[in-house]
Each structure stands twice: as C-alpha cells, then as structure tokens.
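These are the residues of each chain, in order.
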Amino acid sequence: MNPPPDDAPTATPPAVELSGIWKRFPGVVANAGANLTVRTGTVHAVLGENGAGKSTLMNVLSGVYRPDEGEVRIDGVVHHFRSPSDALAAGVGMVHQEFRLVPSFTVAENVVLGAAERIVRRQAVESAVGELAERFGLATEPDRPVWQLSMGERQRVEILKALWRDARILILDEPTAVLTPGEADELGRILRHMADDDRTVVFISHKLHEVTGFCDEATVLRGGETVAASLPVSETDSSALAGLMVGSSPVISERPPPVVAGGPKLEVVGLGCLDDRGLQALHGVDLTVRAGEIVGIAGVAGNGQRELAQAIAGLRPTTAGTVHMDGMDLTAATPRQRFGAGLAYIPEDRMGVGLAPRLSVTDNAILRTYPTHRRGPFLDYEAAVAHCQDLVERFAVRTGPLDQPIAGLSGGNLQRLLVGRELSGRPRVVVAAQPTRGLDVQGVKAIQDLLVAERGAGVAILLISEDLDELLTLTDRLLVMHGGRVVAEFDPELAVRHEIGEAMVGHVPTSSASA
Amino acid sequence: MRRPVLARRDRVLRGGQPLAFGVGLVVALVVGVFLLVGSGHDPLRVYARMFDASLGDPQAWSVTLNRAVPLGLAGLAVAVAGSMGLWNIGAEGQIMAGAIGAAWVARIGGGWPGPVLVTAMLAAAVVGGGLLALGPAIARARIGVNEIITTLMLNEVAIRLVQWLVHGRWKDPDSHNFPLAPMLPDNGRLPTLFERAHVGVVLAGIVIALFGLAVSRTAWGYELRVAGSSGATARYAGISLKRKVLTVMVLSGGVAGFAGGVELSGNADRITEGLSNGFGFAGIIVAALALMRPSGVAAVALFFGAVQIGGQSIQTMGVSSSVSTILQALILFGAIAAGVLGRYRIQMVAGDTVERPSTGAES
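In order, the protein sequences belong to chains W and C. Everything in the first sequence is counted per our numbering, starting at 15 for the first residue and increasing by one. Everything in the second sequence is counted per our numbering, starting at 7 for the first residue and increasing by one.
Relax, there's no trap hidden among the hints.
One-sided excerpt, in silico: chain C residues whose CB lies under 10 Å from chain W:
id : residue
1  : R223
2  : S235
3  : G244
To spell it out: a stretch of chain W is covered by chain C in this simulated footprint if at least three of its residues, at any positions, have a beta carbon under 8 Å from a beta carbon of chain C; those stretches are:
id : region
4  : 343-354
5  : 369-378
6  : 387-395
No lab work stands behind these hints, which were simulated from the structure alone. Just so it is clear, CB atoms sit at the ideal spot from N, CA and C, and this is done for glycine as well.
Using the sequences and the accompanying hints, generate a full structural model.
Below, the structure is given as structure tokens:
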C-alpha cells in the first residue's frame, strides 16, 4: 500500500486528479484532504463506509459542491466548477443514487431533456437514443414511459443521459444498491464496455465483491481522508480492502454461536395483502419463527418484504391467511394489542412510522407505553422522563436535552432509541425491517448485537434486510422472497451466494429450494 | 459570490417568539414612520395615540381585552386542529353558527334568569359551531376529504344563513322594515368585569388554559401531537385516527362557536352578518404566530388585539383607514418574519446550490 507516485510526469495526464480536497459542513468535516487519481479508460472504485466522505468527494468532482481547499484537475487541466453543468461541459457526468427522471416521459424524452434542440422530432430522437444505447450495450426501449421500467432499466436511462451529454468521465454513486444481483453483473459488463471505449468510470460502492469483480483500481476513503489510493484490484483481495475501509474493527459481526431453537413463536400461514396501489403484494406467505432463532428474509426491494412486515405488525389489512403468536390468533388484532402480546416491530421507515419527528425524545420514548404512564387523564411525565432516561442509558443513545425534538439526533441514535424502546417491552417476537440500513459501522454493530442478545434470551426474530452479508452472518435460516412469495429457504452456513441471488430474481434452483 | 439562505437551527431559540414580537414591532414602527410622514402625519403623535388607545389606561385595556377574546378563541380553534395537523379554515363560519345558536336560545329564553340564559346561550353556541364542523369532520375521517376546502366553503353558508335569518324569520317587527334581528334581552348579556371588559375575558382565559393543558399534558393531547407529527406513527402507536379526527374537528368548531356566543352576548347588541368581522381568519394568523400551540394563543391574541384597537383608534385623528390597516399589517408581518428567525438562522453560502452535508445515510 505505497502511496501512488503523484505528480510523476506521464505521457497522458490522468482523467481525474483530485488533490487535497477539504470540505467542511457545520459540525462535520466531510473531506479532510482527500486525494483521488483515476487513469483514463479504467473503472475505478471509490470505497468507504457510510460517512467516509465518498459522496461529498464525488459531489466536488461533479460540480455540486465547491471544495473549501484543494484542486480539481480533469485531463490535467485545473477546473473550478461552479455548477454541475460546468462539470458536464468538462466531460464529467454523474449518475445519482436517487434517479432524476420524469416518470411520465419516455426513455428518449428523459435522455434528451434539457439537452435537445428546441423542436424535438420524436422519431429522430428515439432512433438516436436507440443507437447510443446499442453502442454501449444498454438494452432499453426508447419509446417506453419511464414509470413502466424496473430500477435497473431506469439506471440505464440515467447512464444514457450522461452519455448523451458526451460525458467522458462517468461517476456512479452506489449504482448497484437498487439492482438485483443479475442486473448488477449486467451493469458491470456495461461499465467495462465504456472503459474499453476509452471513457473513465468512477464507481462508488461498499460491496467488495463488485469491486473485485469489474474494477481496475480502487481508492479507499476513511473519515474523509484517502487511506489507500489507486490500488490495482488484481493485486489485492476483498478482505484487505475491507480492512482498509473499517480500520481495525472487524468487517462484520462474528456469527453468533448456535442456540437450540425452541417451540414456534410466530406462525404465519397463507398470508395475503395488498400494496399501496391496491395490487396483491403477498400471495400466501407461510413462515414460522421459533424461540431463540433469527429467520432472515432476503429479496430485492419491492417483492413484498415491506408489506409482510407491516401485515405481521398489524399496520396493513390482510386479505387472506392468519398470524399466530404463541398459539394466540392475532390476525385481527390492533397494533397495540400485538405489542401488548409481545410483538415488537422495528419499521423500515424510522422517522415516518417508528418515531414522531416533531415530538421530544421523551414523547418518542413512551410512544408504545404511554397508556401505562397515566395519572388520571394526565400523562405522568415524571415517570415518562424516568423511562426515557433509562432507555437512553441502557441503549447508549447520544442525545441532547430530553425535552427537545428528536429531529436533531443522528440516524444511529434514532435507531438505538427506537430499538431500545421496542426491546424494553420484553417482547417474545421481534419483526425487524432493515434495522441497520443507513447506519455507520458502530451503529450497525450495536443494533446487530442487540438482536443477537435477544435471540440468546429466547426471542423469535424475523429479520428483513437487503444486506445479504448481514443476513448470512446473523440468521439461523434464510428465506428468499420474490413476487410476494417465499420462493426458497437456505441454510446460511451452507448457502451459495450465487444461488441466493438466483432465487432473489425468481430462478429457483430445484436442488436448493429447501436446503 | 455569496448569498444568504435560511438554515434551520438545531434548537429553537428559547423565548424566541416573544422576542420576535418585539423585533417585528420595532421594525414595523420604523417603516411606518415613512408611511405616516408620507401621508402627512406626525408619527410620534400617531404612535402615542395607538398606545394610549390600546394599553394606556384601564379603559383602553378593557377594550383591547374584549377584542382579544374572539381572536384568542378563534386562534385556539385553529391551534387545536393544527396540533393534529388539521387545518380548520372555517372558524369564521363556525363563529357565526355559534352566534346563531346563542341568538336562538336568547329568543326563546327571554324570561329565564340571567345566569341560566347566558349559560344556555354559550352551550348552544358551542353546539352550533361544532355542528358546522361536523360535516367536514366526518368527510375527513371517513373518506379523507380535504378539510381545508370543506371548512372554507362552509364559511359562506353560515354567513348567508345569518343574512337569511336577519332578512326573514328573525327580522325585528319593530325595526321599521330594516333587516335587523331584535336586540338581545338584558338577561342574555354577559356581566361586566371592569370598565368595558366583560366576563368573557375570564371565560376565554379558562378555555384556553384548559385546552393548553389538555394538549400538552394529557394522554389525549399526546395522541393528538403524535398524530400531528406523523399519521403513520400514530397508527403504529395504536392511535385510532378516525375517531381523533372527528373529535378534534368538532371540538375545534365548538371552540369557534363559543367565540361567537361570547362575542354576541358580551359585545354585540344583536346578531348581524358582520358579527364576526374576520375574527375567524385572524385566528389563523394568531394560531400560526403561537406556533400552533394552544397555550400560546392568549398572549398572541392580546398583542393582536392591541394592534387592532390601536390601529383603529388613529382613524379618528384623520389617518385614513388604509394607512391604519397597512400599519397593522406591517406589525404582524414583522412579527411573523422575526419569528422565522427564532427557528432559522441566516447563513451565507457560495454558489447556486443549497449545500447540505451528505452523510450517505438516509434518515
């Protein structure tokens, strides 16, 4: 891991050269002298944990932010971008994590939006976009409206937008976060194709197997600084990269020791429900979670996982099937009755469902138990504050005054408060939906440890996650959902990543349909 | 090139709202100097008159307090709905509906003892206001009809209803064919507190205090605030939104109706279509200035009342009513604008884009 020989005179200057980039926000230093050098015609990975400063650095490169200090060189020329369009003029295009597409417009219309002549001749534009797509192997239908497209297709439209504007340097911010494993592989092929065309790709990720799969070089950021610059991927492996990303702490929690699972605690039989658009989201889901067991649900977002969690928690009406806890029928029970019966629910949407953003820390701490903190019609705020204080201490929530709105808390502390509140009710079943998403390493570890501790205490846990590593590490059994059904079950210790991926897109290998 | 943007403060300034009123008042009075000089008046004399007429002596206080009563109750009505995230834009109509209820009781209860009649009138006013809000409440709770539209439209209905009564069934036979309802019976009037202030001042204070306590300290109020923060969170906590929406909207209407009853029996001779005179709409401003907190509306209403009374008083000095109205508006604008600075601070940023720290984490 020697520092790269910067300022070494080369025949062709690197496509991108960021040196000594500092960017400060109130209370946060996002980039502290970060460097990045990307050679022309390569796919370059930028790695780092959440909060490592990847997105900020890319926003500097793409003209969204202006650095406080430091220099941006494109093809050897110093640039001072004042806006993303300045960057685009220099050939730098960015594909953001959240797509910026007009759903009712067609693919072609979205691609040329803002970069077309005044009069758009539909057919000419469609065929031009089609040609461009074909040249880079981006399978797409230019005349389809965007709302009909899958996430993978939408991403291809975003890439086309950048190519249409003649971006020679393409930045992709966590492009595979929304893709199925198959789509991610396809994206890898497309990016290689572009690199062969002498374009340069900067690829932000924290999924190591993708980096080793189709990137040439990798730069690792930690705490806003570059800890490893332009490592040739062929000379390193994922565990070395992982070590760089997180420093001394282990990448992922250790596999908890096996516990002998007890009797069934949560039994879901033939569950059906509708999604927000009124379409059938679940088609007869059966699952059982036993005491002292973590059952994982893997799947590409939008295959019924969200609806399953809500239906079990009583927040979504069911159209078929039953939910039993400890033999008690909860199918028609209210959310409060379910909580009273020992069902804790950690919802996917922390701020909008699990917490009330405008209320104080104390008010949020008693969200589930306020009916017990009463003195006549009044809430017993002394007891409430004591309860809140207890939660804050036991679950190490870092918070300001307890009477201030929770909106000021960081994501990790919000989740600790929420999880702590749910677990303080001594649940027998925990339904956890994406409990670690968006948290930093410490936050992830804290939440995972809490779940494992509950499992050790004989609680039945249903863990829904999009992080396959997390599922493979924490769960005792792993179910895969596709199209509103449980399509496969794996033993996480024996499972093959590739087969899980296949099951996630609905290709169920008959041999491992039930491991 | 740097330009200012508003950035949310991590913590709302303590005492920020009273401070805002002070700052707003000063700014408006300074700007008002130009307005008054431009229209040929001596600003100092005008301002002295405004103060004397609104807060200068007990008599002025009594007039200001009387004005603060309907403003405060209307503001309370809006704030009670607002703490659940509902917008009751129909306080104006509900005030009229309340007045109709009270006036109807006064017609049939002319012979009752004073305290009985007044109590019955106020109770009828609450029912009247609540009834007018019942339709929007049911529509909102059952099928999610936007309450802003329905409550707003019912304002017209209530005002026309008063016109119809005054021109028709309730027209005073002794009014020489003028469209006027008969005078209230003397036993239907609220007793006087001091000078011109009526007992409604005390009643309004009690009602505002009760609601303030209910919203901030009771389990019922807690549920209201959770629902106001996020409906999905309320469902998660097991709070029945339908029932809550229904009771809160009807209560909000009842409070506005109460304002109509108090205004009729405390301040007016008879029911007229001009009885409310915009109190319902002013209530929205009062509630907004009180940050939708029921406990804050009393102070805001007093401030607002003083501004109105002071503003009206200078018309007798020859200041035109438009100048007086502009002056009132300036003071309120100043207070609202300064209030924003209690929650946001001004930050100078470079470039065209609004920058936020990107943590990579979604919240």
